[in-house]
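Enquirer: Next come the chains, spelled out residue by residue.
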Amino acid sequence: MMNGAPFALQAKTSVISLGAADLDRGVESSGAPLVRLQWRPVGDGSPEVAWSLAQLVGDAGNADCLGSRIDRANAEVLERILTAQPVWVDVAAHASEIWPDMGRTLLHAGPPIAWNDMCGPMKGAVVGAILYENWAATPDEAEQLAASGGIRFAPCHEFGAVGPMTGIVSPSMPLFVVENKTTGNRAYAPMMESGGAKTLRFGAFAAEVIEGLKLIENVLAPCLKAAVAGIDGGLPLKPLMSQSLHMGDDVHNRNTAATLLLYRAVTEALLKSSISRDVVHETLRTIGADDMFFLSLSMAACKATMDAAHGVPFSSIVTAMARNGVNVGIRVSGLDGQWFVGPADIPIGLFLPGFSEADANPDIGDSAITETAGLGAFAMAAAPAMVQFVGGTPQDALRYSREMAHVTVGRNPGFTLPMLDFIGAPVGIDIRKVVDESMRPVINTATAHKEPGKGIIGAGVVQAPMKCFVDAVGALATIAAR
Amino acid sequence: MAIQSSIRANLYKDSVSLMRISQVTVARTGVQRVTLLMGTRSNKEFLQQAGLMNPALEGAKPGDIMIVVADDAPEKLAAAEREIHSLIVGEEPKGGAGEPAAEAPPRSISGGVAIADHADLALISVPGPYAAAEALKALRQGLNVLLFSDNVPIEQEQAIKRVAAQKGLLVMGPDCGTAIINGVPLGFANVVRRGVIGLVGASGTGLQEVMCQVHRHGQGISQAIGTGSHDVSSEVGGITMLQGLELLAADPQTKVVAIVSKPPARDVQKHVIERAIAIGKPVVICFLGGEPAASAGNIHRTSSLEETARQAVALAGARQPGSDDQAIEQLATRICAALAPSQRYLRGLYSGGTFCSEAQTIWQAAGIRARSNAPLAAADRLADVEESHGHTAIDLGSDEFTVGRPHPMIDYGVRIERLLKEADDPTVACIVLDVVLGHGSHPNPAEILAPAVRRAKAAARAQGREVPVICFVCGTDSDPQPVGTQKAMLVEAGAEIVGSSTGAALAAQAIASRMAADDSGTGRRAMQGGER
Chain A
155 MMNGAPFALQ
165 AKTSVISLGA
175 ADLDRGVESS
185 GAPLVRLQWR
195 PVGDGSPEVA
205 WSLAQLVGDA
215 GNADCLGSRI
225 DRANAEVLER
235 ILTAQPVWVD
245 VAAHASEIWP
255 DMGRTLLHAG
265 PPIAWNDMCG
275 PMKGAVVGAI
285 LYENWAATPD
295 EAEQLAASGG
305 IRFAPCHEFG
315 AVGPMTGIVS
325 PSMPLFVVEN
335 KTTGNRAYAP
345 MMESGGAKTL
355 RFGAFAAEVI
365 EGLKLIENVL
375 APCLKAAVAG
385 IDGGLPLKPL
395 MSQSLHMGDD
405 VHNRNTAATL
415 LLYRAVTEAL
425 LKSSISRDVV
435 HETLRTIGAD
445 DMFFLSLSMA
455 ACKATMDAAH
465 GVPFSSIVTA
475 MARNGVNVGI
485 RVSGLDGQWF
495 VGPADIPIGL
505 FLPGFSEADA
515 NPDIGDSAIT
525 ETAGLGAFAM
535 AAAPAMVQFV
545 GGTPQDALRY
555 SREMAHVTVG
565 RNPGFTLPML
575 DFIGAPVGID
585 IRKVVDESMR
595 PVINTATAHK
605 EPGKGIIGAG
615 VVQAPMKCFV
625 DAVGALATIA
635 AR
Chain B
10 MAIQSSIRAN
20 LYKDSVSLMR
30 ISQVTVARTG
40 VQRVTLLMGT
50 RSNKEFLQQA
60 GLMNPALEGA
70 KPGDIMIVVA
80 DDAPEKLAAA
90 EREIHSLIVG
100 EEPKGGAGEP
110 AAEAPPRSIS
120 GGVAIADHAD
130 LALISVPGPY
140 AAAEALKALR
150 QGLNVLLFSD
160 NVPIEQEQAI
170 KRVAAQKGLL
180 VMGPDCGTAI
190 INGVPLGFAN
200 VVRRGVIGLV
210 GASGTGLQEV
220 MCQVHRHGQG
230 ISQAIGTGSH
240 DVSSEVGGIT
250 MLQGLELLAA
260 DPQTKVVAIV
270 SKPPARDVQK
280 HVIERAIAIG
290 KPVVICFLGG
300 EPAASAGNIH
310 RTSSLEETAR
320 QAVALAGARQ
330 PGSDDQAIEQ
340 LATRICAALA
350 PSQRYLRGLY
360 SGGTFCSEAQ
370 TIWQAAGIRA
380 RSNAPLAAAD
390 RLADVEESHG
400 HTAIDLGSDE
410 FTVGRPHPMI
420 DYGVRIERLL
430 KEADDPTVAC
440 IVLDVVLGHG
450 SHPNPAEILA
460 PAVRRAKAAA
470 RAQGREVPVI
480 CFVCGTDSDP
490 QPVGTQKAML
500 VEAGAEIVGS
510 STGAALAAQA
520 IASRMAADDS
530 GTGRRAMQGG
540 ER
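Just so you know, the sequences run in chain order A and B.
Whatever position you read off the first sequence (first residue = 1), add 154 for the working numbering.
Whatever position you read off the second sequence (first residue = 1), add 9 for the working numbering.
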């Protein structure tokens, strides 16, 4: 029955205790090593989930057990994340170039959602995109078209794309193209519109918003396409993002440094090109006016990285966290083709004067792909200036980065955190750890007004709902049990 | 009564912490009732039954604290609730502004393993529905497990014990109260000297008593391995008990092995005895309440805890321990001299379940039928656990007395109430109490119990009766509550102290037999008188 020596009586006893502290008194008095856990029921507190989760734990002494297979799959996934080389290679003049049979499809942020269920800003952005595409002449007609089923809606994520806030991508929109040179897969993101509140990504659809989109299509996109063509081999994004972390960015909610570095790279390329001075000026003015301009490229870089890590059987690593303003959805590498969703929270943080939590839309946007790839809030230690958003101290920034190491499988030596002695940022969210530690991943985010077109009203942090991770653990346990 | 309820979301605290917060709140605010429970299904049912459930609590999750305060004076409720919230927060680790944020304690087994010094054992006492999951995680990470928790589904117990056996690891429990591994006391455990006697047992207080008796007789314990109460069922098959025997067989410290258990299922019993015969060391086997069996070869069968300890000590070769028999006889004679003829019945009020069944076994062997909430035979089950009937032995540690309350080894309140009630009964000949010392138990039980014994005896005396209270103390001179001091305080209060659980049951039996004999003697004399 037993294998080998009587293990229990050979080693020096060293205890981990969970539950009632009174039962530790004997251990304490004996002087044996003792670690007390701050235990609480895992995940959502259901005993069934706790038992499922325990089936998924790896065992160094048993390579065949389910948990060990998951651990091996995760090691493969981590390797893919760490070796990714996202490079900005192109600008597609129109989304329809990439997906020729797109037809009347609008891509949106987050997990799948029907028109009727969309939040205010997303509905506004849909109307704006329909007007921009000339599929309808007035906002009312646009709404009727959307409500009549005349538009196909799909998540950006299912098309290899990511979109900030409402994340609406329509066939005519230009897209950044980022290629993962290691694996050859490409990811796409729309360009950030300047104009603050009056932007499609916050659900505005007034005439000047449509004008702004046209400017991007007709001026910015061709210019940036020429710029990137002028950079030999494209612009490697990982070194640029790494450098930005050392300059105080988290490359999610703070992109000030990264945008400057992009500006530097683009300026030289444009000045070498034959593009007219006015167009170059207009382009540089747009980039220079928006500290967040780089976010699209950061998101696309992360998407190109995480898509390469998706689809490894048995892996429990999260490859996307995305929000549609109603629900948060996650995708898991070993659970291809499924979204695990839970209700989105209102971000906790600061509101611009005149706004309050009552005005806030629940969490929205695909930009949490940065946290999924180990940036954003996971790299908050690099961006102490950011914590003012959440009314915290620089110590809180360090705490976020430290805590997220409890729910991840590794660290990224490519993205180091100076304030934590240059340790790599935690990366590779493991659904098992999120549930086991009862610790939800933290996301840095902007807060949108719940009414269309009123724009940003604050910023803060939000946590992905536990339900996503609990459901995913259940699904992994079920699949693996087969 | 006005009732106010609320939820503190997303903060798990164990029931002990919650009860402390309740106590402190009642003490500080004078509010009549404070109930703090985690939002589990069973806790909600409990509130429902107690009439304290209300719609505000329906959304509570198992990781949320349900807060209910009640008082005749509604103005007290808000203050009580404030106090509760500040006590809840007060226990959280503080991280002042400007200071480095303290690293929070680990939440998970893997978090614990990461910072521990080569952890090799997990001591798990979380609620039963979650306990096996934690145990499985511990096993996967190479830890042995002591599972104090009860109410673990049987198929989960089977699953974790299978994994443990494959890995050569031990799962002590579920429902394992005590163990000593490599000299480290775990759970409820007495401080005993180290020695050559290795124990393996399915009953917690039984193990504690045997180790204390071994200590009293001058020997010591090499290892004490608890199996938990379900291990010897045919569903589990005695996996841990068989593993324990194997471990003790291979342990060079262990010269003599003793097994203490309720009678295992027939097939399990067969395996255990076969394994015991094969291990090449003397084995003392006490299947308490089982059918008497003859000793043979290296197997020594005993039928009480005291006999088990004495036999093991004798086999260890130290010396033949002296016997308490004479002292017990003298005690019974002295007690009976002071009793009225109406005082015929025994009342055992036990905090240790094994003591309750040992007493019934001893009494039954002497022809004394006792009722119990944990009877040897179903026919002897008490109709109402609150009302004794004839000879009665109560296990106050069983579920019907412990839901929402600490165990009677920690909280003597329920037992003291019952002691006073029994003392008031003119048919009671003697009351037997166990006092369990050691880690995990009440820090100074005699301080609570002695005044209660005094009150009980005084109340009976006021009605013209003596009520003998026989106590035995399961503890050692090295325990945090030294046994000598505890006994002295109880003697001072008028309790009679007997040296072991077995001795106390025998003394009670002697008293009952004498009173019954006197009674029939009186009857005979009366009849003879009539004939005259």
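For the record, the hints were derived by calculation from the structure and aren't laboratory data.
Beta carbons: idealized from backbone N, C-alpha and C, even for Gly.
One thing to keep in mind: the hints can contain errors.
What the hints assert, rightly or not - In silico EDC-like cross-links for lysine to aspartate or glutamate, where the CA-CA straight-line distance does not exceed 16 Å:
#1 A:K604 / A:D513
#2 B:K290 / B:D260
#3 B:K70 / A:E202
#4 A:K335 / A:D218
#5 A:K166 / B:D260
#6 A:K379 / A:E436
#7 B:K70 / A:D198
#8 A:K604 / A:D499
#9 B:K430 / B:E475
#10 B:K496 / B:D486
#11 A:K166 / B:D73
#12 B:K53 / B:D73
#13 A:K621 / A:D218
#14 A:K426 / A:D386
#15 A:K379 / A:E333
#16 B:K176 / A:E422
#17 B:K22 / A:D218
#18 A:K335 / A:D386
To be verified - Chain B side only, calculated, beta carbon under 7 Å to chain A, not exhaustive:
#19 A18
#20 P71
#21 S117
#22 D129
#23 I190
#24 V193
#25 F410
Enquirer: Give a verdict on every hint.
Expert: Status of each hint after checking the structure:
no.	hint	result
1	A:K604 / A:D513	6 Å, holds
2	B:K290 / B:D260	11 Å, holds
3	B:K70 / A:E202	14 Å, holds
4	A:K335 / A:D218	34 Å, violated
5	A:K166 / B:D260	14 Å, holds
6	A:K379 / A:E436	15 Å, holds
7	B:K70 / A:D198	8 Å, holds
8	A:K604 / A:D499	13 Å, holds
9	B:K430 / B:E475	14 Å, holds
10	B:K496 / B:D486	11 Å, holds
11	A:K166 / B:D73	37 Å, violated
12	B:K53 / B:D73	12 Å, holds
13	A:K621 / A:D218	29 Å, violated
14	A:K426 / A:D386	12 Å, holds
15	A:K379 / A:E333	15 Å, holds
16	B:K176 / A:E422	64 Å, violated
17	B:K22 / A:D218	36 Å, violated
18	A:K335 / A:D386	14 Å, holds
19	A18	11 Å, violated
20	P71	3 Å, holds
21	S117	5 Å, holds
22	D129	5 Å, holds
23	I190	5 Å, holds
24	V193	4 Å, holds
25	F410	18 Å, violated
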